[in-house]
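Following the hints, put chain B in place on chain A, whose structure we already have.
Line by line, the protein sequences give chains A and B. Numbering follows this note's numbering, with no gaps: position 142 of the first sequence is 142. Numbering follows this note's numbering, with no gaps: position 298 of the second sequence is 298.
It should be emphasised that the hints constitute simulated quantities derived from the structure, not laboratory data. Quick caveat, the model's predicted, so the values are computed rather than measured. All C-beta atoms, glycine included, are put in the ideal place defined by N, C-alpha and C. Treat the hints loosely; a few may be bogus.
[Said to hold, decoys possible] Chain A side only, calculated, beta carbon under 10 Å to chain B, not exhaustive:
#1 29
#2 32
#3 71
#4 134
#5 146
#6 147
#7 166
#8 168
#9 227
#10 231
#11 243
#12 256
#13 260
#14 264
#15 268
Protein chains: 2
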Amino acid sequence: MPGSLRLGIDLGGTTAKLGIVDQDNRIIHRAAIPTADAFNQAVRDMADAAEGLARDAGVPSMINPKTGRMVFANNTGWENAPIREALKAHLGIPVLAANDADCALAGEAAAGAARGMRDVLMLTLGTGVGSALLIEQRLYTGGDGMGMEMGHLPLIAGGWPCTYGARGCLEAYVSATGLIRLTEETMAAHPDSAMHAHIQMEGGKVTGRTAFACAEQGDAAALSVVDTYCAWLAQGIGGLVSVCRPELVILGGGISRAGEPLFVRVRAMAEQFVFAHHLIGAPAIVPAQLGNDAGIVGAANLGQTLGQQSLY
Amino acid sequence: MPGSLRLGIDLGGTTAKLGIVDQDNRIIHRAAIPTADAFNQAVRDMADAAEGLARDAGVPSMINPKTGRMVFANNTGWENAPIREALKAHLGIPVLAANDADCALAGEAAAGAARGMRDVLMLTLGTGVGSALLIEQRLYTGGDGMGMEMGHLPLIAGGWPCTYGARGCLEAYVSATGLIRLTEETMAAHPDSAMHAHIQMEGGKVTGRTAFACAEQGDAAALSVVDTYCAWLAQGIGGLVSVCRPELVILGGGISRAGEPLFVRVRAMAEQFVFAHHLIGAPAIVPAQLGNDAGIVGAANLGQTLGQQSLY
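This is chain A alone, in the form it adopts within the complex (with noise of 0.2 Å):
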C-alpha cells in the first residue's frame, strides 16, 4: 500500500514501539508499550496500542513465512508462537510480520541510507548480530524464509562459543557481547590501561563503548582492542561481499554509534577480504541512517520489500 498510512510495530524484549508512518516514511504518532511475559497478552496489548493508531501492521521478529509464527524469539522465550494470525484475529487487517534486521533495511530502503538501491548487505551489531539482504530491492530471507542468520557463519571456526551452542561464530566475535570480552580480556592482561579507571565512571561495567572511549584518549590497549575489532568485522564484511557483492554495505547497532573510529578501520580493512578487489572493486561502508525509529519505519514498509513467499 504505498502512498498511504501504515502502522509499524519494533517489537523488543522490553518494549514494544508503535508508530503510524505516512507516505513520506515519517512518523506521525507514536506509542510505546512494555513486551507482556505472556505471548497473549502482549498480542492483546499491541492490539490495543495499534487499534488506538491505525489500518495496517508490521511485526519483528524470527519469523516462518509460511505460518506468520515466531520460530524463536530467545528475549521472551515464546517459541512458534502465532504472532501475526494473533495480530490480524485483534485488528482485523492484513498483517505481515518480519525479523527486526530485515525491518531495519526495510526501513533504510525506504527512508534511510539504501534509497533506490538494489542490492544491499546490512549488519546490525547489537547484543547480537542481525543481516539482512536486498536483492533486486526484495528481502532476501533464505530458501524456507528462515534464514539469513550471516551472524552464525563461522569466523574462528572452534573459537568462542555462540548463544546456540557451536563454536567460533560471527556473533560471538562482532556483537557487542564479543567486544565486551575482548575488552575484558585485554584489560586483565593490561593492568595499567586506562579501561580499568574508565568503567569506574561509568558504574562499574564494561560495555561496547569503553574500548572506544579509552582509545580516543590513546590508551594502548584500548587501541588494540579496537584494532582487533575492526579487524575481524572488516574480514566479515569482506567474505559477504564476495559472496553478495551488493552496491553498499550499512552497518546499524548499538556499536555503529562508535562513528568514524569504527567505520574509518573497518573501510581501511575490509577490501583486502574481498575476492579480486584489485579488478571488481569493493561497495562504501556506511552507517545507518535512520536509528531508534529504523524498526518502525521499516515495519510499515514490509510490504513493498517482502519477498513473495513472505506476503499471505
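What follows is chain B alone, placed relative to chain A:
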C-alpha cells in the same frame, strides 16, 4: 530454449569439453580440445569445434554478466577476456557464460540431484572451492553478478593463507589444497603413520585421497585428518545453511568422490552449526550426480537457470 538441442562448453585450464545436449539432457555428441594459451586462439578453437557440433552455447568461468567478460581466470592468466562477445562473433548465435560452479549446479538442477527443487546450495571441492546457489530456481550470482565466492568467507580468520592474499578463508581449509596441507602437517607430526608408506606406492605425493584411503585402513593419524577436515567443512556448511536455508546441499568436485566416509561425518557434524536447527531442521547433504559431464550439461541449461541480469 527448453526442449531443443543445445551446445554446452566446459572451458577448463587445460581442456575445453563440448557437448550437444538433447531435450532429456543426454549428451548426444561430444568433443574435447586443448585450451590454447592465447585467449584469441582458444576462442577460435572453441568456435571451430562448436561449429562442428551445434547451435546454442554456454561457457563457464568467472564472468561479468554485463560485459560477458571473464574477469579473472587464474588458471589461464586471462583478465577481462571478452569470452561471450568473441564466441558470439565467431558463431553468430546467442551465447551465455557463467562460472564453472554455477554451471555444475545448473546441470544438477536440470538433470541431477537438484531436479525440481527451488532453493539449492552447491559447493565444489577441488583445487579451490566453488559455490553456487539456486534461489527460486534461478542462479544467484550476487548484486553485480560477480559474487557467490563462498570459498572466500572466513573459516578461521587470520589462519592459513588463501590464493588472493587473505588469511583464513573457507577455501584455504576445505579445498584439496587445504586437505593436502593438513595431511602433510599431520604426517610430519606422525612419522609412524601408514600414510608415509601409502604415498610411496602412489608416486610419492600427498593428494586429497591420501588421508581418506589410509583412514579406511584404520590409521589413527589419517583418521584425525579426515575428522578435522570434515569438521571444518561441516561448520562451513552449517553456517551457509543458516544463511541460505536451502532444501538440499550438494557437494561436488574431486574431494566429494571420497563418498560415504566423507558424507557420513559431514552429515553428523553439520547440523549443530545450523542456527535453531532443533526447531527448524536442516537439509540433506548429498553428492553431485553428473560428475565430469556437469559442466557441459549445466552450460547447455544456463538459459533456464541464469538470473535475468545475466541474460542479454
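Tested hints:
Against a cut-off of 10 Å between C-beta atoms, the interface hint on residue 29 (chain A) is violated, since the closest Cβ of chain B lies about 35 Å away. Annotation: residue 32 (chain A) was flagged as interfacial toward chain B, and the flag is violated, the nearest CB pair being 29 Å apart, outside 10 Å. With a cut of 10 Å, the hint placing residue 71 (chain A) at the interface with chain B holds, because the nearest CB-to-CB distance is about 6 Å. Contact between residue 134 (chain A) and chain B, as hinted, is supported at the beta carbon level, the nearest pair being about 9 Å apart and thus within 10 Å.
A hinted interface residue such as residue 146 (chain A) counts as satisfied when its beta carbon comes closer than 10 Å to some beta carbon of chain B; here the least separation is about 5 Å, so the hint holds. Below 10 Å, beta-carbon pairs count as interface contacts, and residue 147 (chain A) has one with chain B at about 4 Å; its hint therefore holds. The beta carbon of residue 166 (chain A) comes within 5 Å of a beta carbon in chain B, closer than 10 Å, and the hint placing it at the interface holds. For residue 168 (chain A), the interface hint holds, since its Cβ comes within 10 Å of a Cβ in chain B; the closest pair sits about 7 Å apart.
The criterion of a C-beta within 10 Å of any C-beta in chain B is not met by residue 227 (chain A), whose closest approach is roughly 13 Å, and the hint is violated. Given the 10 Å rule on beta carbons, the hint for residue 231 (chain A) holds: about 8 Å separates it from the nearest Cβ of chain B. Among the interface hints, the one on residue 243 (chain A) holds; its C-beta lies about 5 Å from the nearest C-beta in chain B, closer than the 10 Å criterion. Hint on residue 256 (chain A) is violated. Least Cβ distance to chain B is approximately 20 Å, over the 10 Å limit.
Because the smallest distance between the Cβ of residue 260 (chain A) and any Cβ of chain B comes to about 24 Å, over 10 Å, the interface hint for this residue is violated. Hint status for residue 264 (chain A): violated, given a least beta-carbon distance of 20 Å to chain B, over 10 Å. Taken as an interface hint, residue 268 (chain A) does not check out: its beta carbon lies about 15 Å from the nearest beta carbon of chain B, beyond 10 Å.
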